[in-house]
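Engineer: Protein chains in written order, with UniProt numbering: chain Y, 1 to 334; chain R, 1 to 334.
Treat the hints with caution; some may be incorrect.
Stretch-level coverage of chain Y by chain R, calculated; a stretch enters the list once three of its residues show a Cβ under 8 Å from a Cβ in chain R [claimed, not checked]:
#1 110-117
#2 191-204
Facing chain Y, according to a computed beta carbon distance under 8 Å, are these residues of chain R, among others [said to hold, decoys possible]:
#3 61
#4 120
#5 157
#6 159
#7 299
#8 303
Beta-carbon label-pair distances, calculated as ranges [to be verified]:
#9 Y:117 <-> R:43: 27 to 33 Å
#10 R:248 <-> Y:117: 47 to 53 Å
#11 R:311 <-> Y:146: 26 to 32 Å
#12 R:43 <-> Y:56: 55 to 61 Å
#13 R:114 <-> Y:62: 39 to 45 Å
#14 Y:147 <-> R:30: 36 to 42 Å
#15 Y:63 <-> R:16: 47 to 53 Å
#16 Y:106 <-> R:265: 36 to 42 Å
#17 Y:298 <-> R:312: 31 to 37 Å
#18 Y:148 <-> R:103: 49 to 55 Å
#19 Y:63 <-> R:309: 23 to 29 Å
The hints are simulated quantities; they were obtained by calculation from the structure and are not laboratory data.
Because the structure is a prediction, the values reported are computed rather than measured.
Cβ coordinates follow ideal geometry from the N, Cα and C atoms, glycine included.
Protein chains: 2
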Amino acid sequence: MGRDDPRISGEDRLIAEYFRPIALAPGAMDLRDDAAFFTPPDGHDLVLTKDALVAGVHFFPDDPPRMIAQKALRVNLSDLAAKGAVPAGFLLALALPKPVDTAWLAAFSAGLQADAEEFACPLLGGDTVTTAGPITISITALGTLPRGTMVHREGAQAGDHIFVSGTIGDAALGLRLPRGGAAATQWGIDLAAADYLVGRYLVPHPRVGLTKAIRDYASSAMDVSDGLAGDLAKLCLASGVSADVDVTRIPLSTAAAAAVENNPDTLVTALTGGDDYEIVCTVAEDRRAAFIAAAQAASVDVVEIGRIVVGDAPPRFTRDGKVFDTGAGSFSHF
Amino acid sequence: MGRDDPRISGEDRLIAEYFRPIALAPGAMDLRDDAAFFTPPDGHDLVLTKDALVAGVHFFPDDPPRMIAQKALRVNLSDLAAKGAVPAGFLLALALPKPVDTAWLAAFSAGLQADAEEFACPLLGGDTVTTAGPITISITALGTLPRGTMVHREGAQAGDHIFVSGTIGDAALGLRLPRGGAAATQWGIDLAAADYLVGRYLVPHPRVGLTKAIRDYASSAMDVSDGLAGDLAKLCLASGVSADVDVTRIPLSTAAAAAVENNPDTLVTALTGGDDYEIVCTVAEDRRAAFIAAAQAASVDVVEIGRIVVGDAPPRFTRDGKVFDTGAGSFSHF
């Protein structure tokens, strides 16, 4: 057996070289079978999420392949965290143009491996195919949580406090940043700040540390992937409520704050632009202190930005007492 | 709320119109959340499979969209059946060119819905995105079985009987059939036979009825998706054995038998061409009668085609006592 064994196809060799090292779960069976198995802990539910990323739509074809892989996995881990689920494993479908760019694939699989280890989320299985189109990646991630404890979009009640994790708008600003020296001259931010924003676009940091705090204390939650304004609107719609948000309390990074200070128009971008992969959640009054303490214990920054209110209007964003118009709201592919 | 509500994006409308009717599992939450949940029965394992299909590679762009959808789901159901798992649900990632062809999408989702119902395998969630390339479909299917009972590729033992379900080679012949009147003049088969072969290529029939018989009696199993010769070679490689196969016992449909009769060269195509979505499995001598009885009770045809033997050579195909060369063996994308 070996490289010249006719029973081992090019596809099998590619899987063996680039993906077997990531397939460390027993149920992956070294990717040598048609399917994987997974043994869920008794008394637990699975949480399942699936995101597709297409070159030219969700990432630039010349983005570093390591980072593309990390983003592809992390957007799913972000969904799991927002639902209160602990990552358990993932499946990967990868459509690649021919001939396969092995340097690209090596860096891609190295990024996946690093994240599979960091987040204790091993590769379980998948499929690798060719395409005449752009690189297309689809990941299905599995998480587990005690039965019946998934946190939903619906569940927010009037009076609940609205929290967001981390900082909002970095990725959207990083995506739209004037390139080269223009970031300094047009936006008035230095190179380090510009790099920070671009980095936040390229590689999200899913708030997995917040998972248990959300499950224990949040009345509703979702990850912020399509812009805070639009995603909070979706959460309110699902819950049958409205919201009042104080724009001045929305957490901005130092870099984003500098960009907004020098270019006030970019604040709308920050609130609607997408790719934050932070978490927005609602917490009842009597759980607020415990939620904050749990987030602190988990070393995840959370900031209260407003309250849930009765009504079915879209969330109202105000700044210094005046309505702040966030425009159309949310990113949509169609 | 409604079509003009700015909080409901085009993407959400598309999901509501075409996919919500298929999302009948409670854990799908009407596709209104970021993730789905699934409550596995205690004491059971999950079996997970994921296949990607790309227009121009796995199907022709002008194949009927209803059938494309059915094939995309059924190839996964075929994997589950071969592992002994009962379907529980699926997730769908769909990358579509813009503007969305709503007639195509309506027929595609109708096909998915029909199969989700027929196979009791509801849509749990997924993602719908745009692409500059061909339509790309990735389905992750979940099945369940009693803990530790998944049937693997490895496990075949010397002396085991080799069975295949249904008939072999129809899809490969259907794919390569001379179109129009040439099927009759070149291959000597009539229109009904030609239609049958093409139909077998377009819409596979996963042998879900055989699931329990495989779990109860097979020592190893896999679905035949890349050609019987190559897939049996993979099973033997995984099990550390070889095989003797009698080509004259391999079950051919009436249509395939006519094509082979008139064009002996097409027999190699039938044995290596792929897309059968039948099951090849091995059964120990003392379970052979029970397996045959269980398959009969499930109304699935199974035929014994040979025996597992000691060795690490590729399976040996013989016809009337002479070695029959199947060539390179198996379809590979790379």
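Engineer: To test your reading of the hints: which numbers does this structure violate?
Structural biologist: 1, 2, 3, 4, 5, 6, 7, 8, 11, 12, 14, 15, 17, 18, 19
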